[in-house]
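K.L.:
Following the hints, complete the assembly by docking chain U onto the known chain B.
Quick note, the sequences are listed as chains B and U, same order. So for the first sequence, numbering that gives the first Met the number 0 puts the first residue at 0; every next one is plus one. So for the second sequence, numbering that gives the first Met the number 0 puts the first residue at 0; every next one is plus one.
In short, the hints are calculated from the structure, not lab data. Mixed in with the good hints there might be a few duds.
[As the list claims (entries may be wrong)] Residues from chain U that face chain B, not an exhaustive set, calculated with beta carbons under 10 Å:
#, residue
1, Arg47
2, Ala51
3, Asp61
4, Glu74
5, Ser81
6, Pro96
7, Val103
Note that CB positions come from ideal geometry on N, CA and C, so glycine has one too.
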Amino acid sequence: MALFKSSKTKNQRRQKAPSAFIPWRFGVICGCIFLALAALIGRAAYIQVLEPGRLIQEGDLRSLRVKAMPSARGIISDRNGEQLAVSVPVQAVWADPVQIYKNGGMQQVERWHALADVLGLDRQELLARLEKYQKRRFVYLARQVSPAMADYVSKLKLPGIGLKDESRRFYPSGEVSAHLIGVTGIDGHGLEGVERTYDGWLTGEPGRRTVRKDRYGRVVENISLQKREPGKPLELSIDQRIQAVAYRTMKEAIVNLPATSASLVLADVNTGEILAMVNAPSFNPNNRNDRQSYKMRNRVITDSFEPGSTVKPFGVLEAMESGIVDESTLIKIPGRRLRVGSNYVSDVSRIEKEATVGRILQKSSNIGMTKLSLAMPIEDLIEMYQRVGFDEPSGINLVGEAVGLFPNRRRWSDIERATFAYGYGLSVTPIQLVHVYATLGAKGLKRPLSILKTEKIVPGKQVIDPKLVEEVLTMIESVTDKAGGGGGWRARVPGYRVGVKTGTAKKAIAGGYGDDYIAYTAGVAPISKPRLAMVVMVNEPKGEQYYGGAVAAPIFAEVMQSALQILNVPPDADTIDKMNIVNK
Amino acid sequence: MSLDPQPPSNLARLIARDIVSVGRVPAILLILILISALAVVYITHQSRQMIAQQEQLFIERDQLDIEWRNQILEENSLAEHSRVERFAEEEINMKRPSAKNEIVVQ
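The following block holds chain B by itself, in its conformation from the complex (with noise of 0.2 Å):
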């Protein structure tokens, strides 16, 4: 108890003293609150000035997020603007194997069973597919799948199983165009057709945007952005209404002749736009299985075949031109044969011992043409077809056009220049000789034809003189007089003046000609004031009548008839009643 009075009167005078600041304490928790401080400026230097690389860089990998923007292909439609080819964004569905496994693999197989069942896959198919590619990081398991589809699977929620955004080429016009328009690869590049010539075109450039993502994966910056260049949309000179009557009707005729095919090509002779190129058999461009090359060819631009008589037109044009003939001189017909050299040319239809050249070409005489032919020399008929453009590319410049074979020689038998005269010895493809005809339709002005809508009218080239081109556009139009004996009255087409040459030519096989025939019209209207122009070509025509005047022009007529129509273009017989309201 002492002691501890004691102690306790000691601390009572200790407190008093005024000696409770004890330096070096004092001195140790300064240093100690200064170096903590030196240190955690020295660290927050150190990240922030020295070092910040690997921070900034992990920060960014946890909010950088780079988009990619895809851009749709341009879009393809017809001079009115009705869409022939629309990209639509898609998905494709594909599996990481290996993912797949580290998560367990096939354990929620009724999971696995629905993804097959909406990809249309066989079950145990998919399955083994994924235990095959085991070791594999991608897989596509399927392509080109419809949004819904894609929202299905993704909610699905499997491991390993990812979305990837594609684009698809539909054709609402399905097989009627399918042949011009062509189509794309599952890669999105055009193939064929106008798809493959105006790739670049319509092709866009895919944009990139780097943004910064908050926690909730909203985006908060804009960091930066390469604009994306959207593919360009293309106007077609097509006018898809004639495009869908001459169509239905060709398909038609290839099963009522029946025929091979039959390939129609329809261009505006002011302009020397084509408004209409039809192929039959077609196929369904937005059907992958349903693409076999005889059905995809575009024979209008890939098949040349010799003219046969729908060339006689040029040969009466340069007989008339060189001053041999006129409109009236009288040519005498032997009879149905003609020896030449050790041949004989022979006429299918009876004709008068003396004719006019408007009555050889109604009456489409071999034997008249022969005269004519023979009558002048062979360089000044080349020379004509060539100025017309029988031995040049059309313009339209698609992808897969042939410019068929002139001949290119400098001897000539007798027989050889009889031929020519009525069409053969040269082969030209269909979208050539409307090339020609539109010549013919345009007054001797010959323009470049062209698959685009053009905005301004390019300027042509006179050719052949307007007045004597006026002249055979008359005879032609007798070929459409029934009464006359004109052998392409089929071609007629009520209330309008038609001009039309039909021919009919053998097919050429390895050494000679087959069995085979090739059926032709070709024609413009109406003839006052020529507006169209026209070719149909039928391969192979299988049924008793093979003449382009029974095969050829009946297609012709129809399909003329409706484009005359839908065009709005006055008839101009007599034939029709008129009303005058205007000028009473």
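P.N.:
Relative to the frame of chain B, chain U by itself:
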């Protein structure tokens, strides 16, 4: 104590007077700094919201574009020429006019 000219109770008033007299410029600058700092925060927040909204509109635009493309397809398949023609001929008994029932009005 009574000789002391400035009693300690006036210290607050003294500081206040100093702020408006000698320290006027720093005080105004202090306030301006505060305002500007708050404005930076506010504007940043606003701009983030605008960017989020813009992003939303971009997404909406892309979706509308997809919808438009699908509508085109639907329109074209419904307005397909042979379908319209079949409908016109079979359902409502229309006919293609022939040259005989055409009258040219001049």
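K.L.:
Compare the structure with each hint and give your call.
P.N.:
Against the structure, the hints:
Satisfaction of the interface hint for Arg47 (chain U) is found here, the shortest Cβ-Cβ separation to chain B being roughly 4 Å, below the 10 Å cut-off. Here the hint on Ala51 (chain U) is kept, as its CB sits about 5 Å from the closest CB of chain B, short of 10 Å. At its closest, the beta carbon of Asp61 (chain U) sits 8 Å from a beta carbon of chain B; the interface hint therefore holds under the 10 Å criterion. Given the 10 Å rule on beta carbons, the hint for Glu74 (chain U) holds: about 8 Å separates it from the nearest Cβ of chain B.
Evaluation of the Ser81 (chain U) hint against chain B yields a held restraint, the C-beta minimum of about 6 Å falling below 10 Å. Residue-level restraint check for Pro96 (chain U) holds (minimum Cβ-Cβ distance to chain B is 8 Å; threshold 10 Å). Satisfaction of the interface hint for Val103 (chain U) is found here, the shortest Cβ-Cβ separation to chain B being roughly 5 Å, below the 10 Å cut-off.
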